[in-house]
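Visitor: Next come the chains, spelled out residue by residue.
Protein chains: 2
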Amino acid sequence: MQLNQQDLTGLDKEFRRAFINSLAGFRQAVLVGSISAEGKTNLAIFNSLIHLGANPALFGLINRPDTVPRDTLQNIQSTGFYSLNYVSGADYQKAHQTSARYPTGVSEFEQVGFEEVFHDGFAAPFVAGAIVQIAMKFEERIDIQRNGTVMIVGSIQEVRIDHSLVEADGFVNLSAAGVLVSQGLDAYFTASPLGRLPYAKP
Amino acid sequence: MQLNQQDLTGLDKEFRRAFINSLAGFRQAVLVGSISAEGKTNLAIFNSLIHLGANPALFGLINRPDTVPRDTLQNIQSTGFYSLNYVSGADYQKAHQTSARYPTGVSEFEQVGFEEVFHDGFAAPFVAGAIVQIAMKFEERIDIQRNGTVMIVGSIQEVRIDHSLVEADGFVNLSAAGVLVSQGLDAYFTASPLGRLPYAKP
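Chains A and B supply the protein sequences, listed in that same order.
Counting with this note's numbering, you get residues 406 to 607 for the letters of the first sequence.
Counting with this note's numbering, you get residues 406 to 607 for the letters of the second sequence.
Note that these hints are calculated values from the structure, not bench results.
A portion of the hints provided could be inaccurate.
Treat identical chains as interchangeable: a pair holds within one or across any two.
To be verified - 25 Å max Cα-Cα, derived SDA-like pairs, lysine to any residue:
| # | residue 1 | residue 2 |
| --- | --- | --- |
| 1 | Lys445 | Ser483 |
| 2 | Lys445 | Gly415 |
| 3 | Lys499 | Ser580 |
| 4 | Lys418 | Tyr604 |
| 5 | Lys499 | Leu478 |
| 6 | Lys445 | Asp417 |
| 7 | Lys542 | Ala573 |
| 8 | Lys445 | Glu563 |
| 9 | Lys445 | Glu544 |
| 10 | Lys445 | Asp412 |
| 11 | Lys418 | Ala533 |
| 12 | Lys606 | Asp548 |
| 13 | Lys418 | Glu443 |
| 14 | Lys418 | Ala442 |
| 15 | Lys606 | Arg469 |
| 16 | Lys542 | Gln562 |
| 17 | Lys418 | Ala528 |
| 18 | Lys499 | Asp574 |
Looking at chain A on its own, in the form it has when it is part of the complex (with noise of 0.2 Å):
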């Protein structure tokens, strides 16, 4: 099968979405925690989590205004501070129900089951439980021309993870804890290993 750009335009908008965004392939299910100026509480599912750099450490999370509930960037920005949150596979349905379109004030915490729980005075909540926990700063918001679409880039906190998940080396074994990975705009997998290999050399 083959579709070019011509082919992409004439498709119906709906396909096109569900086409398109699951072509990206699969990402991290990240649950994002934040916390409103009048401090009403905010969780809502990203799948655009991109790793920017180790030292300083800092990751980068598209916001689609289109798409995804503009309360956390609107808190993000207001604040300076959000969270981040990966939960187990078991979890997928709670995790997916975060992208309901709950009027703003309205706690997505309450509304899908999450317990929500604050670290150390940290302004926004976290997932209690989930098995990553990463405390995120607002560092820089990067407008992409082409289509509208923000970047935010944050930089890590703090993170908490049990100690078995992290390997004498640094890895992260997200695998061994079934850790939620998604793909497109609704569905749910976890990640079966076929292994890690040794720094490539020609």
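For this one, chain A is given, so just place chain B on it according to the hints.
Guide: Leaving out everything else, chain B in the frame of chain A:
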């Protein structure tokens, strides 16, 4: 286990690199095919593909000057075109081997044993037989000030995929084809489906 910013800064450099890279979670493994102005082909594995939009269909790709061969970035900017190729989990060792630092002008296609193929006069080479083959046009380069990382924004020109993998609503069933998933610098996986869920409503 709890690591704050100071702890991260104090880590051994190699440990931190493995830790932060793998902490970013699972991602699509993508082989980027390109060609130099002199006609030398290049193939490099990336795990930083991002969906930016469906109409126009735009994908981003993060280049970290320190860890990713500069040949790819150079080629994309000089020719304006590149290919994205997803391969089977069975090919994970060959895919990883493209990350070796071969001298500029040496083609990873030959070195690792993927066959290169050109389609319809499109400038950049593809991986013959790759499960997904996407022809991309360079649109915009975004420099992330915070750490010098570069995001390449590209538009999809053509998609080649077996029609049996595209479901009635447009979803691309990559897990059915055993498409390769990666994490961190050296870990490889396939995805095991939990399920797809209906559009979430409050």
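Visitor: So, for every hint listed, does it hold in this structure?
Guide: Each hint tested on the structure:
Taking identical chains as interchangeable, the C-alpha atoms of Lys445 and Ser483 lie at most 25 Å apart only when both belong to the same chain, with a minimum of 12 Å there against 49 Å between chains. When the C-alpha separation of Lys445 and Gly415 is checked against a cutoff of 25 Å, the pair qualifies neither within a copy, at 42 Å, nor between copies, at 35 Å. In this assembly of identical chains, Lys499 and Ser580 lie within 25 Å of each other by CA distance both inside one copy and across copies; the values are 19 Å within and 22 Å between. Only between protomers do Lys418 and Tyr604 lie at most 25 Å apart by alpha-carbon distance; the minimum there is 15 Å, versus 43 Å within a single protomer.
Taking the closest pair of Cα atoms, Lys499 and Leu478 come within 25 Å of each other only inside a single copy of the chain (21 Å); across copies the shortest separation is 40 Å, beyond that limit. When the C-alpha separation of Lys445 and Asp417 is checked against a cutoff of 25 Å, the pair qualifies neither within a copy, at 37 Å, nor between copies, at 39 Å. For the identical chains of this complex, Lys542 and Ala573 are neighbours neither inside a copy (28 Å) nor across copies (41 Å), given an alpha-carbon limit of 25 Å. In this assembly of identical chains, the alpha carbons of Lys445 and Glu563 lie at most 25 Å apart only when taken from the same copy (22 Å versus 44 Å across copies).
For the identical chains of this complex, Lys445 and Glu544 are intra-copy neighbours only, at 22 Å inside a copy versus 39 Å across copies, given an alpha-carbon limit of 25 Å. Proximity of Lys445 to Asp412 under the C-alpha cut-off of 25 Å is found in neither arrangement, the shortest distances being 44 Å within a copy and 31 Å between copies. Within a single copy, Lys418 and Ala533 get their C-alpha atoms no closer than 38 Å, and across copies no closer than 30 Å, so neither meets the 25 Å cut-off. Taking the closest pair of Cα atoms, Lys606 and Asp548 never come within 25 Å of each other, the shortest separation being 37 Å inside a single copy and 29 Å across copies.
Taking the shortest alpha-carbon separations for Lys418 and Glu443, neither the intra-copy value of 37 Å nor the inter-copy value of 40 Å comes in at or below 25 Å. Taking identical chains as interchangeable, the C-alpha atoms of Lys418 and Ala442 are never at most 25 Å apart, the minima being 36 Å within one chain and 37 Å between chains. For the identical chains of this complex, Lys606 and Arg469 are inter-copy neighbours only, at 19 Å across copies versus 39 Å inside a copy, given an alpha-carbon limit of 25 Å. Taking identical chains as interchangeable, the C-alpha atoms of Lys542 and Gln562 lie at most 25 Å apart only when both belong to the same chain, with a minimum of 7 Å there against 37 Å between chains.
For a Cα distance limit of 25 Å, the shortest separation of Lys418 from Ala528 qualifies neither inside one copy, at 39 Å, nor across copies, at 29 Å. In this assembly of identical chains, Lys499 and Asp574 lie within 25 Å of each other by CA distance solely across copies; the values are 23 Å between and 33 Å within a copy.
Hints 2, 6, 7, 10, 11, 12, 13, 14, 17 from the earlier list are contradicted by this structure; the remaining hints agree with it.
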